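Colleague: Since each chain comes alone in its own frame, lean on the hints to assemble the complex.
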Amino acid sequence: MASDGEALRVEHVAKRFGGVTALRDVNLRLARGEVLGLIGDNGAGKSTLIKIICGFHQPDAGKLFVNGEAVVLKSVDHARGLGIDTVYQDLALVNELSVYHNMFLNRELVRWPLLGNRRMKRLAREHLEDMGVNIPSVEDEVAKLSGGQRQAIAVARSVYSDARILLLDEPLAAMGAKEGALILDLVRDLKARGDVSVIIIAHNYGQILEVCDRINLLQHGEITFDKPTSETSVQELTDLVVAEYRAARTQRLRPDPGSNAQPTPRR
Amino acid sequence: MSDTVDVAARVEPAPAGRPSRGLARRIGEAFLRRREASVLVVAVALGVYFASASEAFLTQPNLVNIAQATAPVAIIAAGMVLVLVNGEIDLSVAAVFALAPFNMHYLVDYYHVPILLAIVLALAISAFIGFVNGFITVFFRVPSFVTTLGTAYIVIGLVLVTSHAYPAPIPDAATETIRHWFGDSDWAHLSWSLLIVAAFHVLLTSTRWGLHTIAVGGNPLGATEAGIRAGRIKIGNFMMVATLGGFAGILDAFRINTIDPNLGGGFGIMFTAVSAAVIGGTALAGGSGTVIGAALGALVLAELQDGMNLIGISANPYFIILGVAIIVSMIANVYLSRLRRAGRT
Chain H
1 MASDGEALRV EHVAKRFGGV TALRDVNLRL ARGEVLGLIG DNGAGKSTLI KIICGFHQPD
61 AGKLFVNGEA VVLKSVDHAR GLGIDTVYQD LALVNELSVY HNMFLNRELV RWPLLGNRRM
121 KRLAREHLED MGVNIPSVED EVAKLSGGQR QAIAVARSVY SDARILLLDE PLAAMGAKEG
181 ALILDLVRDL KARGDVSVII IAHNYGQILE VCDRINLLQH GEITFDKPTS ETSVQELTDL
241 VVAEYRAART QRLRPDPGSN AQPTPRR
Chain Y
268 MSDTVDVAAR VEPAPAGRPS RGLARRIGEA FLRRREASVL VVAVALGVYF ASASEAFLTQ
328 PNLVNIAQAT APVAIIAAGM VLVLVNGEID LSVAAVFALA PFNMHYLVDY YHVPILLAIV
388 LALAISAFIG FVNGFITVFF RVPSFVTTLG TAYIVIGLVL VTSHAYPAPI PDAATETIRH
448 WFGDSDWAHL SWSLLIVAAF HVLLTSTRWG LHTIAVGGNP LGATEAGIRA GRIKIGNFMM
508 VATLGGFAGI LDAFRINTID PNLGGGFGIM FTAVSAAVIG GTALAGGSGT VIGAALGALV
568 LAELQDGMNL IGISANPYFI ILGVAIIVSM IANVYLSRLR RAGRT
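Chains H and Y supply the protein sequences, listed in that same order.
Just so it is clear: in the first sequence, position 195 is 195 by my numbering, and no numbers are missing.
Just so it is clear: in the second sequence, position 311 is 578 by my numbering, and no numbers are missing.
Bound-form chain Y, shown alone (with noise of 0.2 Å):
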């Protein structure tokens, strides 16, 4: 930070020895600077409130449903800010969420594999369908919004098919280990969903994934001018959303402990995830984007519908809440670039 300080020195000619900017200020450009902070900051300012209103907000049980209501979109948001830096949008990733542990339960059940590895190709399946939606996308140039619409509609009718419609136990085969780990006890969603924050967090700053996900976004042509291969950038995504998806999906089947084809709510938390990815301040015009804010913004997300049934107030606001908060976030968003660019900060 010590050279943005530096950088509006020199840009002013202020008068010279002039001694560095009062703490409160560079605080504000930290803010400015990373967009996460700001979600950070209602975070927190929400938990605070809630806490205060009620005394059951910081309880333990309720802490864990706030984590287990957070982990899942935290965990679809990571994959999902990569798709929306690159400048495209995963619409089937609810069916995909429905259709993962469906298959756990038919490999297992039908076909006698093991458990894990039931787990494991639940999940190559899962990315089998971010493949065929990144191929489509990128070969037969359908923009993604319609490509996935597609693929969304042919998953829920798969799930719908395959089950009849009807929910599925858990598979027996699942020993109490398995269960504990993959999301039957208190904290195994709040850890799965940390590190792979963690970790995409890294993959997207970081890395050379990370830089080319972000050029292939920010400047389509200047990435490819510059030998990037964005169509395989864009598959690799698309993979790795679908995959998180099916993999939160069977999270969340071993938390409720049934497997049921209504999971995921069509497109519901698709729709969650990318409006925990948007309150963050990933913008989805491409080349921008923030998997922590992703994730904070999801802990938003639940702790208003958490706090707010507390405190007994209806549900229903909720949705007023959640559709002023997009677009007052994304009004921030834009604006805050736009400060940015000006070299302001």
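Bound conformation, chain H alone (with noise of 0.2 Å):
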């Protein structure tokens, strides 16, 4: 499914507070135009990965292309500069704000010195319309919204944006099948753009190989599988993690010699 081009590469990559090893040596590659999932159990890392790669921390070791090139993120709005953007949980909008004000926040049109209301509402309903985003009405609040709903908004928020790189992180936690659905809707016709790439942090393996070109497993700091979706399955991945499971229990029983000496923090 890959196009031709890498939108993403991080080689060698290693992140640590203070005592606690984040992330040890981690590589990874996006297509341009790919949905890669990225599993792992809590802890594993993938919070400070994808911190990582939207500016938000600078890592300790390794190296980022975007776009092929070498980059040093400085900040998030250095990277947003460079079309990476985050989904987060918790979704950053504003409940008490409009549909469209929470599309154009921060990047409001003006009209000096009001605001472009109309053409706000214009572009955020055509632009909703246009990545399938059922919504009753652009000017209702946000806390009308059901989840789904809002993480569409999200979504089409950063991508209005012109983010080319998107991380989503857990769009399918607390939500409901069809909730789920809707949003796996919209990360496939975002694949059918062929423009936008994007990383999808899940522990949902059933739902994210619906969607998913290739799924990348993080344990202990490190990619230890990476392998495209059609030769793996929800099977696989389930005893990858559990073995994980094994494997740190046996570990936190007999002390790590590597590790410092210090106890393994539960993770």
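These are calculated hints, taken from the structure and not from any lab test.
None of the values given here were measured: they were computed from a predicted structure.
Accuracy of the hints is not assured; some may be wrong.
[Claimed, not checked] SDA-like mimics (lysine to any residue), calculated; alpha carbons at most 25 Å apart, straight line:
1. H:Lys51 x Y:Ile523
2. H:Lys178 x H:Ala143
3. H:Lys144 x H:Arg164
4. H:Lys178 x H:Glu210
5. H:Lys51 x H:Lys227
6. H:Lys74 x Y:Glu492
7. H:Lys144 x Y:Asn583
8. H:Lys121 x Y:Pro487
9. H:Lys121 x H:Tyr88
10. H:Lys121 x Y:Thr491
11. H:Lys144 x H:Gly176
12. H:Lys144 x Y:Ala599
13. H:Lys63 x H:His12
14. H:Lys144 x Y:Val601
15. H:Lys144 x Y:Leu603
16. H:Lys227 x H:Arg24
17. H:Lys121 x Y:Ala599
18. H:Lys144 x H:Asn117
19. H:Lys144 x Y:Arg293
20. H:Lys191 x H:Tyr160
21. H:Lys144 x Y:Leu488
22. H:Lys144 x Y:Asn332
23. H:Lys144 x Y:Arg605
24. H:Lys121 x Y:Val469
25. H:Lys227 x H:Asn27
26. H:Lys74 x H:Val20
27. H:Lys144 x Y:Leu416
[To be verified] Label pairs and their in silico Cβ distance ranges:
28. H:Tyr245 x Y:Gly295: 56 to 66 Å
29. Y:Val601 x H:Asn67: 42 to 52 Å
30. H:Arg118 x Y:Ala304: 16 to 26 Å
[To be verified] If you want the footprint, here are the derived chain Y segments under chain H, 3+ residues with CB under 8 Å:
31. 470 to 480
32. 485 to 493
Quick reminder that beta carbons are idealized off the backbone N, C-alpha and C, glycines included.
Modeller: Here's what the structure looks like:
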């Protein structure tokens, strides 16, 4: 499925927080237009990796390449300027504002000194229709919408702001089947557009296998598994994570000589 | 409002071709949506009641009284709403209200600054106090309740120390025209307050600044993630409420024709402004509020106090009514916003 061209490459990235190694040596590749599923147990380093890719944390070692060029991301804004955007679990939507104001949050169209509400409304409506996101009215307060709709709006907002590499942090968490389907459809549509690459972080393997081109498993700060979706299965992924759990359990019982003689923090 | 009908029509699979709902129903919905509307009804009802109970109520001198009682509160509340929408509060604004006319007096009478420039500088000093409030709140992460409690006492202390707790006269340099423009005429207060309320209403509802103020109060983390500089917005709003407080204080000093260290009553007018904001439909939780509602709230409070005086009830139960009004309007707020969220409006 991967079209030619590489959107993002992560090479030998490591990150420590005090005595805790969050990422040991991460290598990851994301092709243009590809949807990559990033799985791993809690504490495997998924969030840290995402925060490095979106410019929030700076890695201690290793390199990032965006569109083949080495970059040092100084900040979230810097990353955003390069087209990397994250849709966080908390969604960064403001409940008290309308859908279209949220869509344009901090990128408002202005007819100085006033907001260009009419244009924002129209563009938001068009864009949401374009992305197949169905909501009753762009003038509704976001608080009125369901979790799925809110997530969809957050994704649509990122895409609208020219995100080319989209990081979805657990987009299906706490979402019903119907809501989840809405998000998966959205990701499928993005894939069909071909110009947006997506990394989905998820727990629910079954659902993400439906939309991902490739699956990476992050364990103990390293990518330990990398296969196209067609060559793996929910069963295999589950087995891998369970095996990890067993290994971690044994490790806890037998202190790991490599870990600074500190007890491994419970993950 | 046509959208609302539209939404409802889509949500409930109503029989096709159903005629649009009755006028009364739509007006009712408009009331649920516009928080100002219910306060307006209360303000009008009170006016009608007091007008029927006392012939003096609708006389011009009394209307001037009400306007002059409403205006400073409405002016302060306009800024206070922005701070409250930010999820903060400014307890020091009543102290700044007292300080600003003294600063004007010191600048004119001790430093020979021209009166208009002195007024501008007094407002700049007010803004600076607002800046300090915002800076401490944002950078040291001190809850604004505590920050401004501290600055309130400091400023009250400064007023008392510098004035030796004695009132001062309005500087002679203030010409008749200037006195006229800044409060020593029947409708100066009202005109300024209408202007300021209108400007701040537009600021909150129709500008980027207002939108970001709501965003910062509604979802601080989210607003920051969207790249909004929350600290800047908060500091700016603290500066605005303090400046308005200073301005209202100068107006009031011109009106009573003396500069009194007890102007604003220590915390008094600040709490009145917060009450007006709450009665007007501003939640203290941040994220929502209305400037016009707060102005109407100020009007309701002024009417109550004035009307009760006129019909000869002792002014003492005023506070009981004020307290009940605050709590009832807050409950109504919470309830109505839940209704709105549920999409039933």
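Colleague: Now tell me if each hint is right for this structure.
Modeller: Do the hints match the structure? See the list:
1. Restraint check: the Cα-Cα separation between lysine 51 of chain H and isoleucine 523 of chain Y comes to about 60 Å, which exceeds 25 Å; the hinted pair is violated.
2. A hinted pair counts as satisfied when its Cα atoms are at most 25 Å apart, and lysine 178 of chain H with alanine 143 of chain H qualifies at roughly 19 Å.
3. About 29 Å separates the Cα atoms of lysine 144 of chain H and arginine 164 of chain H, which puts this hinted pair outside 25 Å; it is violated.
4. Note on lysine 178 of chain H and glutamate 210 of chain H: the hinted pairing holds, with a Cα-Cα distance of about 14 Å set against a maximum of 25 Å.
5. For the suggested pair lysine 51 of chain H and lysine 227 of chain H, the alpha carbons sit about 23 Å apart, so the restraint of at most 25 Å is met.
6. Between lysine 74 of chain H and glutamate 492 of chain Y the alpha-carbon distance is near 15 Å, which keeps this suggested pair within the 25 Å criterion.
7. Pair hint lysine 144 of chain H plus asparagine 583 of chain Y does not hold up; C-alpha atoms about 43 Å apart against a cutoff of 25 Å.
8. A threshold of 25 Å between alpha carbons decides the hint, and for lysine 121 of chain H with proline 487 of chain Y the separation of about 24 Å falls inside it, so the pair holds.
9. Taken as a hint, the lysine 121 of chain H and tyrosine 88 of chain H pair is honoured in the structure, with Cα atoms around 24 Å apart against an allowance of 25 Å.
10. Between the alpha carbons of lysine 121 of chain H and threonine 491 of chain Y the distance comes to roughly 23 Å, so the proposed pair stays at or under 25 Å and holds.
11. Restraint check for lysine 144 of chain H and glycine 176 of chain H: the C-alpha separation of about 17 Å stays at or below 25 Å, so the hint holds.
12. Under the criterion of a C-alpha separation no larger than 25 Å, the hint pairing lysine 144 of chain H with alanine 599 of chain Y is consistent with the structure, at around 19 Å.
13. Distance restraint check for lysine 63 of chain H and histidine 12 of chain H: the Cα-Cα separation of roughly 7 Å lies within the 25 Å cut-off, and the hinted pair is therefore satisfied.
14. Between lysine 144 of chain H and valine 601 of chain Y, the direct Cα distance comes to roughly 15 Å. Compliance with the 25 Å bound is thereby established for this hinted pair.
15. Between lysine 144 of chain H and leucine 603 of chain Y, the direct Cα distance comes to roughly 13 Å. Compliance with the 25 Å bound is thereby established for this hinted pair.
16. Between lysine 227 of chain H and arginine 24 of chain H the alpha-carbon distance is near 20 Å, which keeps this suggested pair within the 25 Å criterion.
17. At roughly 30 Å between alpha-carbon atoms, lysine 121 of chain H and alanine 599 of chain Y are farther apart than 25 Å, so this suggested pair is violated.
18. For the hint pairing lysine 144 of chain H with asparagine 117 of chain H, the CA-to-CA distance comes to about 20 Å; that is within 25 Å, so the pair holds.
19. Proximity of lysine 144 of chain H to arginine 293 of chain Y is assessed by CA-CA distance (about 20 Å); at most 25 Å being required, the pair is judged to hold.
20. Pair hint lysine 191 of chain H plus tyrosine 160 of chain H holds up; C-alpha atoms about 15 Å apart against a cutoff of 25 Å.
21. Restraint check: the Cα-Cα separation between lysine 144 of chain H and leucine 488 of chain Y comes to about 20 Å, which is no more than 25 Å; the hinted pair holds.
22. With a CA separation close to 43 Å, the supplied pair lysine 144 of chain H and asparagine 332 of chain Y exceeds the 25 Å bound.
23. Distance check on the hinted pair: lysine 144 of chain H and arginine 605 of chain Y sit about 10 Å apart at the alpha-carbon level, within 25 Å; holds.
24. With a CA separation close to 19 Å, the supplied pair lysine 121 of chain H and valine 469 of chain Y stays within the 25 Å bound.
25. Taking the CA atoms of lysine 227 of chain H and asparagine 27 of chain H, the gap is about 14 Å. The hint holds against a cut of 25 Å.
26. A hinted pair counts as satisfied when its Cα atoms are at most 25 Å apart, and lysine 74 of chain H with valine 20 of chain H qualifies at roughly 23 Å.
27. A C-alpha spacing of about 37 Å is found between lysine 144 of chain H and leucine 416 of chain Y, which places the hinted pair above 25 Å, so the restraint is violated.
28. Distance hint check: the CB atoms of tyrosine 245 of chain H and glycine 295 of chain Y are about 58 Å apart, consistent with the given range 56 to 66 Å.
29. Evaluation of the 42 to 52 Å hint for valine 601 of chain Y and asparagine 67 of chain H yields a pass: the beta carbon distance comes to about 50 Å.
30. Taking the beta carbon of each, arginine 118 of chain H and alanine 304 of chain Y are about 24 Å apart, inside 16 to 26 Å as hinted.
31. Counting residues of the region 470 to 480 of chain Y whose C-beta sits closer than 8 Å to any C-beta of chain H gives 5, which meets the bar of three, so the coverage hint holds.
32. Beta-carbon proximity to chain H at under 8 Å applies to 7 residues in the region 485 to 493 of chain Y; the threshold of 3 is reached and the given coverage holds.
Hint violations for this structure: numbers 1, 3, 7, 17, 22 and 27, all remaining hints satisfied.
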